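Protein chains: 2
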Amino acid sequence: MKEKIIRASVTLFEEKGFSATSIQDIADSIGVTKGTFYYYFKTKEQLLMEIHKEYITGLLSRQQAILENGEWSSGEKLRAMIGLLILDIRKNGSSGRVFFREIRHLSQANIGSVTEDRDRFRLNIEAVLREGVESGEFREDLRPDMAAFGILGMANYSYNWFDPEGEVNPDELAAIYAGMVLDGMKSGEGPFRKR
Amino acid sequence: MKEKIIRASVTLFEEKGFSATSIQDIADSIGVTKGTFYYYFKTKEQLLMEIHKEYITGLLSRQQAILENGEWSSGEKLRAMIGLLILDIRKNGSSGRVFFREIRHLSQANIGSVTEDRDRFRLNIEAVLREGVESGEFREDLRPDMAAFGILGMANYSYNWFDPEGEVNPDELAAIYAGMVLDGMKSGEGPFRKR
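If you read the sequences in order, they're chains A and B. Just so you know, the first sequence maps onto residues 1 to 195 in UniProt numbering. Just so you know, the second sequence maps onto residues 1 to 195 in UniProt numbering.
If we strip away everything but chain A, and leave its shape as in the complex, we get:
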């Protein structure tokens, strides 16, 4: 039942927003009473917090496994991390969108905890970039901090537009984005490629 409440709320929060969705709306949508809701969650905020935690915890543990993969180059790790975010849309697209949009409705203490998790995800990307600079795989003038924000933005934005069932599949999109940031868009010859 708890998982059922979470799934129904994610759908409602995505459609109507967190503020405009009442506990009554959530109860109605799965045909239970408000009492049932309160048996599992003290407040709407606690529910939003569980949605956040469930979402980010899953991502972080899969990211950790990529980070620790000793067989992969930094570029391969980066591609896998981009893939992680993009592939996730199919499964958790709604949670992702609610996650990004509704964080401001959490209390300061909860925002602190969620921000810490999000920062960890970003700092793991930064760690891969730093590792690549140190090994000589990436340009030495690369700024891992700024680049990590950019890559995260590129991948996260796909929650807003990407259709995983469309012409380009999630694996292909991950490869396209990894290729863009690893190899660049300039053609291999001609006056525009400076290297």
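Among the hints, a few may not be true.
No distinction is drawn between identical chains; accordingly, a pair holds when it is met within one copy or between any pair of copies.
Straight-line alpha carbon distances no greater than 25 angstroms define the calculated SDA-like cross-link-like pairs of lysine to any residue that follow [said to hold, decoys possible]: (1) 53 / 65; (2) 91 / 146; (3) 16 / 105; (4) 16 / 119; (5) 91 / 145; (6) 16 / 46; (7) 2 / 57; (8) 42 / 11; (9) 53 / 14; (10) 91 / 187; (11) 91 / 176; (12) 16 / 55; (13) 2 / 42; (14) 53 / 114; (15) 34 / 162; (16) 16 / 131.
Honestly, the hints are just simulated from the structure, not real lab data. No experiment lies behind these values; they were computed from the predicted model shown.
Place chain B on chain A using the hints.
Coordinates of chain B only, in the frame set by chain A:
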């Protein structure tokens, strides 16, 4: 007064969200009556729509000028377009954030109109990429549609974290991001650069 109402609402919408902000809150925050609000706007939605229009119209006209610049390579145009979004944070950061977050509160007809403007911005980036592929400046296997979404995501995400008064200024960040997608992050030599 109209502009004053717009500015105050942007601040409130950003802090509390659109749904949780009442017309009374807006009126109170600038010390006027609700009557004054209704003199300029029929509804809160009409106000949100004007915030959107003001924001996107300004961006589009500056983007158009970049697109038509006959002196620039496609790479230079792209860098200028990334710069446009990032530089805008200093001036219109709050409008930008409200723009991205609150679109779902608009009516279907208004969402259509806003989506059209947003698509135009993205399609202008795509046009620059396509032009670069045709001239041979960019790789011929580049997908301008997917790449445009990625670049937009990278630049737009900076609204959530970038401090224009911080250590890296907006021009530098635009150069970093343009460099990443144009030249890639791999080092110029060694086994990792395949070209």
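Comparing the hints with the structure gives:
Proximity of residue 53 and residue 65 under a CA criterion of 25 angstroms is satisfied intra-copy only: 18 angstroms inside one chain copy versus 45 angstroms between copies. Proximity of residue 91 to residue 146 under the C-alpha cut-off of 25 angstroms is restricted to the inter-copy arrangement: shortest distance 21 angstroms between copies versus 29 angstroms within a copy. In this assembly of identical chains, the alpha carbons of residue 16 and residue 105 lie at most 25 angstroms apart whether taken from the same copy (14 angstroms) or from different copies (8 angstroms). In this homomeric assembly, residue 16 and residue 119 come within 25 angstroms of each other (Cα to Cα) only across copies, at 23 angstroms, whereas the closest approach inside a single copy is 27 angstroms.
For a Cα distance limit of 25 angstroms, the shortest separation of residue 91 from residue 145 across copies, 24 angstroms, qualifies, whereas the shortest one inside one copy, 29 angstroms, does not. Taking CA atoms no more than 25 angstroms apart as the test, residue 16 paired with residue 46 passes in both settings, with 18 angstroms inside one copy and 18 angstroms between copies. Taking the shortest Cα distances, residue 2 and residue 57 sit within 25 angstroms of each other inside one copy (17 angstroms), while across copies they are farther apart (45 angstroms). Taking CA atoms no more than 25 angstroms apart as the test, residue 42 paired with residue 11 passes inside one copy only; the shortest distance there is 20 angstroms, against 30 angstroms between copies.
Taking identical chains as interchangeable, the C-alpha atoms of residue 53 and residue 14 lie at most 25 angstroms apart whether they share a chain (17 angstroms) or sit on different chains (24 angstroms). Proximity of residue 91 to residue 187 under the C-alpha cut-off of 25 angstroms is found in neither arrangement, the shortest distances being 35 angstroms within a copy and 35 angstroms between copies. Only within a single protomer do residue 91 and residue 176 lie at most 25 angstroms apart by alpha-carbon distance; the minimum there is 21 angstroms, versus 33 angstroms between protomers. In this homomeric assembly, residue 16 and residue 55 come within 25 angstroms of each other (Cα to Cα) both inside a single copy, at 20 angstroms, and across copies, at 24 angstroms.
Taking identical chains as interchangeable, the C-alpha atoms of residue 2 and residue 42 lie at most 25 angstroms apart only when both belong to the same chain, with a minimum of 12 angstroms there against 42 angstroms between chains. Taking CA atoms no more than 25 angstroms apart as the test, residue 53 paired with residue 114 passes inside one copy only; the shortest distance there is 7 angstroms, against 33 angstroms between copies. When the C-alpha separation of residue 34 and residue 162 is checked against a cutoff of 25 angstroms, the pair qualifies neither within a copy, at 35 angstroms, nor between copies, at 41 angstroms. Proximity of residue 16 and residue 131 under a CA criterion of 25 angstroms is satisfied in neither setting, with 42 angstroms inside one chain copy and 40 angstroms between copies.
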